[in-house]
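2 protein chains.
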Amino acid sequence: MVSKSDDFSEWYNEVIDKAGLRDKRYPVKGMDVWTPYGWSAMTLIDNLMRREMARTGHGEVNFPLLIPETEFRKEAEHIRGFEDEVYWVTHAGKNPLDIRLCLRPTSETAMYPVFALWIRSHADLPLKVFQIVSTFRYDTKQTRTFLRVREIHFFESHTAHVDADDAERQIHEDLEIMERLGRELCVPYLLMRRPEWDKFPGAFYSLAADAYAPTGRTLQLATMHHYRDNFAKAYDITYEAPDGSRQFAHQTTYGMSERLLGALVAVHGDDKGIVIPPAVAPIQIVVVPIPEKGRQDVILDEARKLAAELGEHVRVKYDDRDLRPGAKFYEWEAKGVPLRAELGPRDLADGVVTLARRDADGRSTVPRSGVVDAVRSLLNEIQKDLYARAERELRTHIFDIAAPEEAREAINRFGWCGSESCGLQVEADTGMSLLGTPFLKEPYSGSCIVCGKPTDTPAYLARTY
Amino acid sequence: MVSKSDDFSEWYNEVIDKAGLRDKRYPVKGMDVWTPYGWSAMTLIDNLMRREMARTGHGEVNFPLLIPETEFRKEAEHIRGFEDEVYWVTHAGKNPLDIRLCLRPTSETAMYPVFALWIRSHADLPLKVFQIVSTFRYDTKQTRTFLRVREIHFFESHTAHVDADDAERQIHEDLEIMERLGRELCVPYLLMRRPEWDKFPGAFYSLAADAYAPTGRTLQLATMHHYRDNFAKAYDITYEAPDGSRQFAHQTTYGMSERLLGALVAVHGDDKGIVIPPAVAPIQIVVVPIPEKGRQDVILDEARKLAAELGEHVRVKYDDRDLRPGAKFYEWEAKGVPLRAELGPRDLADGVVTLARRDADGRSTVPRSGVVDAVRSLLNEIQKDLYARAERELRTHIFDIAAPEEAREAINRFGWCGSESCGLQVEADTGMSLLGTPFLKEPYSGSCIVCGKPTDTPAYLARTY
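Sequence lines, in order, name chains Z and E. Heads up, the first sequence is in this note's numbering, so the first residue is -10 and it goes up one at a time. Heads up, the second sequence is in this note's numbering, so the first residue is -10 and it goes up one at a time.
This is chain Z alone, in the form it adopts within the complex (with noise of 0.2 angstroms):
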């Protein structure tokens, strides 16, 4: 296999391969097939983000994937951003219909008529609803898994709130939920309040999470954005309030998707394969029995019990396949398992199991009757130490500069005057984008790199996926 600092895209591929996440082989450019072993990682992030809408008083719904072009066309910022790459239904049967149906690129416009439905009186709101979907886009970049796809695993939350402010107080829900959500990834990321002309169509203000990969370049994890009220405008979605005037809605979404599982394999893969953070793994420890000649019985008999035994408190698997020990390993350190149990003649004789963590080398040994609470709290190192190896990575890449020319192949920091010229000025000599301004402040204090103009407002810019 390609090493991961060699050539990170063609290791990208092969790790995703190699630990079966997807098969690419579909014949349809950006649409992979989503494998049980993928599908089940896949769940748990969404299953994650289920308890967090729960807590958080978010209902689950589900709206229809198409959508009546007359409804699409309704926001006209919106439909600028989008319709290049919506994919359209024109024929049912063998019969043209009359109204084209878009498929979901994002779900505002499938939605909204139906909010203005929901919502007549103040006390309707504030409206917190979330689903999760396929969404299409006809992207015409190069499609890479996960990151660049074109049927997207997509979460989205959708809310409306009786002003500005309150809708405010939704992006700071958000904003902690995503951190508990980047905790439970080990994915670490920069908050960053996006430029004017790369904000989402028909946004107010558009709020990015942004991941840093190996290669130096960012990831967009998730976006927030706040509309005020731009939809409701467009979508009709008004409230009574107390005094009995008619006032519109102001609304936030907050979208991410299967890029989620991407950061996971780009932030924290080797060259052994990928590498799941135990909240999230699918099996977070694999229990393998290292027979001996002779003993065989006992042995696989014994490793039963402990998988059985683990299998109580953790997600297990246990690996009796007649395969060499060696192939095994290999395979699960493929497929990310955090954590490996062995069990041979020796452990026995010692009374010891054998553990071996994924994201470290070597081996230690636990006593048997201590094996679940020693499993227990491994899982939660590897957790904490994934975490923490990604957050040192993210920090020690971003650099401060003082001219575009500076620029390095990682985030780079530097004074900006808030201007779309000198933005635009900057992205242009560096061939690279501006991810914006961090959106919780953080002191600083310079002048902007193109025009010289004081500021207090770093930005910062980076290649992206």
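Rather than coming from a laboratory, the hints here were simulated on the basis of the structure. Fair warning: there could be bad hints in the mix.
No distinction is drawn between identical chains; accordingly, a pair holds when it is met within one copy or between any pair of copies.
Stated by the list, open to error - In silico lysine-lysine, DSS-like type, Cα no more than 30 angstroms apart, as pairs:
#1 Lys13 / Lys282
#2 Lys117 / Lys(-7)
#3 Lys18 / Lys83
#4 Lys130 / Lys442
#5 Lys83 / Lys222
#6 Lys83 / Lys63
#7 Lys261 / Lys117
#8 Lys306 / Lys130
#9 Lys13 / Lys117
#10 Lys83 / Lys306
#11 Lys83 / Lys282
These figures come from a predicted structure and were not determined experimentally.
Chain E: place on chain Z using the hints.
Below, chain E alone, put in the same frame as chain Z:
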């Protein structure tokens, strides 16, 4: 509200609205919005199936929605069965696609080209996978929520086996799963081997589970198909047998949809609304405080404690809205919550909780200290009673008839020689559908009601949804 017995069709639409299971105001015909309440019920059903699938060793996959026309056209019979009702994507952005893509009406033609890659040796078999996705069919008949829709929430398992016998064993495993599901939904059914002219396009035989609606019609809940090697030949799904020869795999599928929820509404609902069996009820019990002037706080406090205690064991809703208790009762009855707990000053004084079953009149009181056990046992009882009542309804509406003219608006059983001409004759004479013959043999001795030939196999006939 119109009565179920007066106008079932109208009643059916109304109770779904009143329960808030779906919102039908989405601007595309046959595509309704899943509300949080309806989606929660559907997810509980989906998760029952996920549990059954895990128990029987099926992996959950997720295949792309879009199928290239070239793959779709490979199995000739299958295409003839679906080509009039598939939706076609012909454009992306402003450009026509080179190869048209259809929205999956079912996933054989999406999955089987990939199965051909996954299956190499007999050691890869049986292959057992399933997915829960939306499928799309442009049904030209009148649409009806859950029962006849154009975006269908769909469960489909697909398996591949070394030979027809092993595939047959799979069908029997599916039947066991169906039996367990039917018990959870409290929906009994007949198992019918569909006549040749009504089998799934491309199947060797088709088997269906037909439930009974109080209008005298049956409602297809699920189908299982034995494909033999029909699809394997079209998609070149072969494996290397132990003797080194290449053999075609034999396949089966098992499909179900949101109709399960429609059946639940039709079978159990009454003039107060729907009735959801405890096993799949999003809310199993609602706790309603009955405040009294002056003691409001004490009662609200005790009711909240009661809900919290119950919430550790069952799915509970605590309803402390500022509404009259009667209005709350009315609403939760419409939503089909199987059990209601009331707590008023009298209950508090007596140290009891008042419980009311949705499926029966009257109330009972249970000691506050034993409320958790009482609720659990009542939920079990409701579950059993709902099943028993539905089973009775089904069994008492099967009538033996000796001539087509005797056919009733119910399920009719009669002797059939098995010939297509006699079967079609009965359908023509009655305007009903021949459901098929019992999949599990039942003792019978009679003669064909058309040609008079002696037969030991009955056929079943009914109008269908």
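Hint check results:
1. For the homomeric pair Lys13 and Lys282, neither the shortest alpha-carbon distance inside one copy (41 angstroms) nor that between copies (67 angstroms) is at most 30 angstroms.
2. Within a single copy, Lys117 and Lys(-7) get their C-alpha atoms no closer than 41 angstroms, and across copies no closer than 34 angstroms, so neither meets the 30 angstroms cut-off.
3. Taking CA atoms no more than 30 angstroms apart as the test, Lys18 paired with Lys83 passes in both settings, with 25 angstroms inside one copy and 18 angstroms between copies.
4. Proximity of Lys130 and Lys442 under a CA criterion of 30 angstroms is satisfied in neither setting, with 36 angstroms inside one chain copy and 68 angstroms between copies.
5. Proximity of Lys83 to Lys222 under the C-alpha cut-off of 30 angstroms is restricted to the inter-copy arrangement: shortest distance 27 angstroms between copies versus 38 angstroms within a copy.
6. In the homo-oligomer, the alpha carbons of Lys83 and Lys63 lie at most 30 angstroms apart both inside one protomer (29 angstroms) and across protomers (18 angstroms), since each shortest distance falls under that limit.
7. Taking the closest pair of Cα atoms, Lys261 and Lys117 come within 30 angstroms of each other only across two copies (29 angstroms); inside a single copy the shortest separation is 42 angstroms, beyond that limit.
8. Proximity of Lys306 and Lys130 under a CA criterion of 30 angstroms is satisfied in neither setting, with 39 angstroms inside one chain copy and 49 angstroms between copies.
9. Taking CA atoms no more than 30 angstroms apart as the test, Lys13 paired with Lys117 passes between copies only; the shortest distance there is 20 angstroms, against 36 angstroms inside one copy.
10. With identical chains, the CA atoms of Lys83 and Lys306 are never at most 30 angstroms apart, being 49 angstroms at best within one copy and 49 angstroms at best between copies.
11. Taking identical chains as interchangeable, the C-alpha atoms of Lys83 and Lys282 are never at most 30 angstroms apart, the minima being 67 angstroms within one chain and 67 angstroms between chains.
Going down the numbered hints, you'll see the structure goes against 1, 2, 4, 8, 10, 11, while the others check out.
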